[in-house]
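Chemist: Based on the hints, put chains B, C and D in the right spot on chain A.
Number of protein chains: 4
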Amino acid sequence: MAEQDTPAALPGPAQPVGAGSPRVFVAGATGFAGALAAHLLWRHPRFELTAVTGRSEVGRTLADLYPRYRVPLAIEELDLDRHAAGLDAAVVAYPHAAAAPTVGALRERGARVVDLSADFRLTALETYERWYGEHPRPDLLGDAVYGLTELHRARIAGAAIVANPGCYPTAAVLGLAPLARAGLIADVVIDAKQGISGAGRTFDETTHLSMAGENILPYKVAAHRHTPEIEEQLDALDPAHPGLAIQFQAHLVPLDQGELASCYVTPTTPVAPDELRELYRDAYAAEPFIEVVERPPGTRDVCETNFCRIFPATDAHTGKLLVFSAIDNLWKGTSSQAVQNLNLMFGLPETEGLL
Amino acid sequence: MAEQDTPAALPGPAQPVGAGSPRVFVAGATGFAGALAAHLLWRHPRFELTAVTGRSEVGRTLADLYPRYRVPLAIEELDLDRHAAGLDAAVVAYPHAAAAPTVGALRERGARVVDLSADFRLTALETYERWYGEHPRPDLLGDAVYGLTELHRARIAGAAIVANPGCYPTAAVLGLAPLARAGLIADVVIDAKQGISGAGRTFDETTHLSMAGENILPYKVAAHRHTPEIEEQLDALDPAHPGLAIQFQAHLVPLDQGELASCYVTPTTPVAPDELRELYRDAYAAEPFIEVVERPPGTRDVCETNFCRIFPATDAHTGKLLVFSAIDNLWKGTSSQAVQNLNLMFGLPETEGLL
Amino acid sequence: MAEQDTPAALPGPAQPVGAGSPRVFVAGATGFAGALAAHLLWRHPRFELTAVTGRSEVGRTLADLYPRYRVPLAIEELDLDRHAAGLDAAVVAYPHAAAAPTVGALRERGARVVDLSADFRLTALETYERWYGEHPRPDLLGDAVYGLTELHRARIAGAAIVANPGCYPTAAVLGLAPLARAGLIADVVIDAKQGISGAGRTFDETTHLSMAGENILPYKVAAHRHTPEIEEQLDALDPAHPGLAIQFQAHLVPLDQGELASCYVTPTTPVAPDELRELYRDAYAAEPFIEVVERPPGTRDVCETNFCRIFPATDAHTGKLLVFSAIDNLWKGTSSQAVQNLNLMFGLPETEGLL
Amino acid sequence: MAEQDTPAALPGPAQPVGAGSPRVFVAGATGFAGALAAHLLWRHPRFELTAVTGRSEVGRTLADLYPRYRVPLAIEELDLDRHAAGLDAAVVAYPHAAAAPTVGALRERGARVVDLSADFRLTALETYERWYGEHPRPDLLGDAVYGLTELHRARIAGAAIVANPGCYPTAAVLGLAPLARAGLIADVVIDAKQGISGAGRTFDETTHLSMAGENILPYKVAAHRHTPEIEEQLDALDPAHPGLAIQFQAHLVPLDQGELASCYVTPTTPVAPDELRELYRDAYAAEPFIEVVERPPGTRDVCETNFCRIFPATDAHTGKLLVFSAIDNLWKGTSSQAVQNLNLMFGLPETEGLL
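Chains as they are written, first to last, in this note's numbering: chain A, 1 to 355; chain B, 1 to 355; chain C, 1 to 355; chain D, 1 to 355.
Hint data in this document are derived by calculation from the structure and do not stem from the laboratory. Glycine residues also receive a C-beta, built at the ideal position from the N, C-alpha and C atoms. Do not take every clue at face value.
Unchecked claim - Stretch-level coverage of chain A by chain D, calculated; a stretch enters the list once three of its residues show a Cβ under 8 Å from a Cβ in chain D:
| id | stretch |
| --- | --- |
| 1 | 189 to 197 |
| 2 | 210 to 224 |
What the hints assert, rightly or not - Dumping the calculated SDA-like pairs for lysine to any residue here, alpha-carbon to alpha-carbon at most 20 Å:
| id | chain 1 | residue 1 | chain 2 | residue 2 |
| --- | --- | --- | --- | --- |
| 3 | B | 220 | B | 133 |
| 4 | B | 220 | B | 231 |
| 5 | B | 220 | B | 127 |
| 6 | C | 220 | D | 313 |
| 7 | D | 220 | C | 273 |
| 8 | C | 220 | C | 204 |
| 9 | C | 220 | C | 132 |
| 10 | A | 220 | B | 316 |
| 11 | B | 220 | A | 294 |
| 12 | C | 220 | D | 317 |
| 13 | C | 220 | D | 272 |
| 14 | B | 220 | A | 295 |
| 15 | D | 220 | C | 295 |
Same shape as in the complex, but just chain A (with noise of 0.2 Å):
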């Protein structure tokens, strides 16, 4: 598959840019993450992708690599000083541990980061530490603001670090807000099921089709990195009950983009049908990007969007709150979400160039 790929006539980009427009650059495009940024960022009316960097595939353009993306721009290795020059955004889509040094350094030359990475989603750093080992910079944690664009705009605008959240807190902590903040979760058990691109650009058993195909399978059984997240964002908002434990387990099934969290709630109290609902239309009613349904969502409701579609429900029998969540993990989950704080970060519309 190393052939290079030479279209008749790369396109430009796919809207024209206007002068003055916001500079951003992709760090790590050559991933999933990456490239679907770079991806959105190349058809956005108002921001300019000034240029992609990765590790590997250097030189090829990422266009032969993602021939779907469409983006013509050669792959860079990562030249700080030249690629932050002038620069105003960045968005980094590195690993774990290895996107903090990037981040840092990128702060520096005095770029706006958003961060695809874990590496500033936690804000207690012990938390961070038991997870994924020595923080590389423990002194940006302050500067960090978490992505969760529903919760907290008003900080993400004025950002120099956005903190894109994992796409199974996204999923989970929107279907959960409106319950955590109105302090109705006694307990909560969060069964997520999520795509193939979920494991990203890596090539083993657990990407092969005819492994992942025909399959349902559990995995990272009572440990899993994403549970402290939700529990951080949960916690902010019901301060009243401290020190939630929520169960958390991940599942992988055969297809490409999509996630749901099925989130079964003890409730402090008992929750009418009616309040439910209420509450969760008066919580997203403002919210471009929420929809509240009242049949369970698909993921392919909202496939290749920047949706998240929520259907909250009452067990008669048990007297659990059911609420179902349904978003694309590689666009709300991720990179759509990065351009959604991005638009917030430069003052745009927060539907630019995601609808």
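Modeler: Frame of chain A; chains B, C and D shown alone:
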């Protein structure tokens, strides 16, 4: 798709059937469950498959309707007197409520019956009627044994009517039985995922590849008919904690055959990892079709087999117990379990024709 | 699946529509093709989508039927006078033979029409009648232009009726046009493969995931209605070799949207690799939606786009020419090509709303 | 995914093996082909599987690596003297060029060999060397018989080395043999489609579900190694028309196991539909694993079986003959055909262990 297909030479039974073999027929062989039962009986070394009947496709061979099952018998209209003559047993694969009258008529003509419907699964008539409406033959309820082989082996061997379990209860109850028997379940959430074959030969939005593909879809939220079936079985195993209300939720995921029940149990008392493992090893040590494993099971591991693969785990963070139970919904969840039961009913080795 | 779905706030058009925008409606929006056309027009910056009609699902919103398309208009019964009032154009997505009367009625009320059926694709009436039976409106055949944009751009711009091509002819004719124009096709085999969406919103054995999944199925062997459509187009490009009889064969493969035509051409005269490449580069150098590439195209490369990706190759062993042409059958093969044609018909940039 | 998996009780052979059963081992059992061969031999009633070897995963059980195959033997490093001691036969599942030396060493220790590689498939050494480079053991070429069971049954029964065919040649040659034998092929295009298992246990862009899924991809355009293998076989069947140059093209489609060869034949003389059908019926009337059918075969029809399903048709429009030939690429295309050959080599019924 209606052309008749006539392979050069239709094969005889895959295995030579011994003289004096029990004679079995399948009523309702045009659906997924009945067709697979016919296939398993046709290639079984010890049963004689005498006929297959259906309410549609009469005259076509089953091999024409389901080529990969290669059962060359023609589909006939049901003629109770003719089909029951000299019969030892029947598999009835009819929809709920439609099954009971035929089961009754077959009983009256002397045949033993494995019924794949829900009609005889619940011992409490009022529970049946709450979920399914009036019961056509309540008089027969006392003759029926619940056909979860591993739990009711002795009674199945002598039963007149075996009520073959639903696929969800099969996975869930096998996964939870050791905990129930030990009185350890204080509360449980069962999040089940199933392939599209679970919808059967139904042609609609839930089965169309362009709608079901690339989708994860919860369905029957807070109202699944399998809930009382699971509760009855767990209650019977744990008389000390009657009235457990389980939270059961089903999801469709885009594969053909496969089902995973992820069970999240709040224990009545803390359980150590070693204790839990030992509990499961002991419970299933002698079972030919239960595999207690040490890592998360994928549904591929049991695809097109009668195995149930179970992984119990403890979560130190929440104190909950996690049990993952994987089966093939059409095999162990339905048709191969029916054959496992027939083996028992006719004194054959339980694994005959199933390995 | 019949519950009504009412998101909190149905969005307005994805893009603000300018004053004086052409007004378009879609007749037959409940099928895959019509629904996608409605989606593309709804989010289009320059068209106003005035209504969507259907013969079923009346009263439901299109967003409820196809959540991911997010078109909040309610499906109406067709009322020719009302729907044609003030209308500039219509997209008609009806089955063959059912379309022509409505196309005619709309023409008589002054609307220009893009017809997605086969009713106006063939210029020879006797060919139509051989494959489809009596033509309901043969009087209109002369008003129709074949809507393969890249071949008939000028005539489409002024057409009263545009007969949007079938998806197979789109891929095949775009793949073969440079060879036909150069008089190079002595004989050709076209082996086409398509995802299940090609069967449309049809619920049967060909679309059920448990039957279509894990399957590769040839269909309409030696009798595909698209054969004469391809032959007419190739004949018109190569008047020196009239009467070419093509071998066309379709196959269903288990994916949703995607189509590949693999064309095996016996050339009238040998062609060198460089010559062949140059022929294709030259033919499509100015085309915004045709990508001539140097390695085999996958259908993923064009999924959910209006692009057609073509790879021509020579086989030194046989002397044959090979052309692989990939499209999304629902987009370039149907609905986005309809929008590409509408752009032309109303003097808009051809790529408007499609990048 | 490296955790060791220890089910409660590993099963013995699925079937009791008779005394004096031929002893067979599988070299290279960690790949898809070797693992399936081991599975089929383990559950076979008449062979004793003595060992499985691999160049990786040594010490792990094969059941741990491929749970669904349930072969409890530990993977060993190959020790020729030890593994060949008392051995009757070996299945060698190594890559091309790597296989021949091991095949030779096993021969020298007295074992008969079924080789799954290409090393002994071509009788002409120069053809082998053109496609694969230098042959490691050309001295053994004369001892090898091409293992397409239906064509070379008598010679396979007595062979020292059986060169098991490639999966594409299996489907293509079985599909075309009746025509070749009748001298009817003037020209032929073979368009083959295969599931992802054809790529084997290879972890790259061609097998990642998020890249291979929803894709149709032609590969090895105009340069497929299976071309000479097919040509040699067809030439041998039709000595009157030597030197036929076939056009063969492979495609990957998103399923696991399944392969369809669509063959488009220009006949040397016109053939009537009845004649064609009779030709195929006659050719395969006595074959237990060939099904000549009257409608297009889907690969599902033969999935996980040793059957080859063939549909021949005539096209009145072009005069061409069409033949569709469906197999499971891993079963009849590879490992179950190896067992079919072993059955022959040891005087067992050809269908033993395969129905």
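Chemist: Starting from the hint list further up, note which numbers the structure goes against and sort them upward.
Modeler: The structure conflicts with no hint, since it agrees with every one listed earlier.
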